[in-house]
Amino acid sequence: MGYTTYASFGLPTFLVVIVVLYLLFTDSGEAFDVGRFLEETSPFVWGSLGIGLCIGLSVLGAGWGIFLTGSSILGGGVRTPRISTKNLISIIFCEVVAIYGVIMGIVYSAKLQSVPEADLYTKENYFTGFALFWGGLTVGICNLLCGLCVGVAGSTAALADASDPTLFVKVLVVEVFGSVLGLFGLIIGLLMIGNAREFQGPTAPPAIRI
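Residue numbers (my numbering): 1182 to 1391.
Among these hints, one or two may not hold up.
What the hints assert, rightly or not - Simulated restraints on C-beta separations:
1. P1297 / I1369: 31 to 37 Å
2. G1256 / D1300: 24 to 30 Å
3. L1372 / T1303: 38 to 44 Å
4. V1226 / P1262: 49 to 55 Å
Stated by the list, open to error - Distance condition first, Cα-Cα at most 20 Å in a straight line; then the derived DMTMM-like pairs of lysine to aspartate or glutamate:
5. K1267 / D1345
6. K1304 / E1221
7. K1304 / E1379
8. K1304 / D1208
It should be emphasised that the hints constitute simulated quantities derived from the structure, not laboratory data.
Cβ atoms here follow ideal geometry from the backbone N, Cα and C, with glycine treated the same way.
Please model the entire structure based on the sequences and the hints provided.
Spelled out as structure tokens, the structure:
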């Protein structure tokens, strides 16, 4: 456990400290500039990262939930075959989490339009890129946690149903409320890009009529 904790937290911290000290002692401290990094990174990068994280984390959460639920259904179905069909609804709840991420990815991708590089770095496009990134990250994390919640609840529902059939509906109610968490993330993701416009170049000033 100690080696795992060191590799997860100690090693990245050590590497960051080494990089910071190198920049400091080589008189290159200005290279470590977060604002410069944010300004020089293309808005397309932020938008594409947001879409990728939205779909990727959502699918990861759905897969993790199906792994937890499916193993319990298969294991309990060996002793109690009747639970195999009824508990498939838990698999559907997990799959819905991935569908949330795909839907939001499609909605976000509509904001990505082809813009010449000379006209790309505007405050409106930066706003859209950052909104897509943080919105996608928010939706992805919500769906990841939702998938874990539904997976654990579905696993418990399968084992409880195998032991006592009257407990299935009671545990299923908990699973339904857990699946709603992904819907909350979807709503938050829509709100975060509500004022974000599509990528576009600078608008030409209106012509003056004489």
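Hint by hint, here is what the structure shows:
| no. | hint | verdict |
| --- | --- | --- |
| 1 | P1297 / I1369: 31 to 37 Å | 33 Å, holds |
| 2 | G1256 / D1300: 24 to 30 Å | 58 Å, violated |
| 3 | L1372 / T1303: 38 to 44 Å | 23 Å, violated |
| 4 | V1226 / P1262: 49 to 55 Å | 51 Å, holds |
| 5 | K1267 / D1345 | 14 Å, holds |
| 6 | K1304 / E1221 | 12 Å, holds |
| 7 | K1304 / E1379 | 12 Å, holds |
| 8 | K1304 / D1208 | 31 Å, violated |
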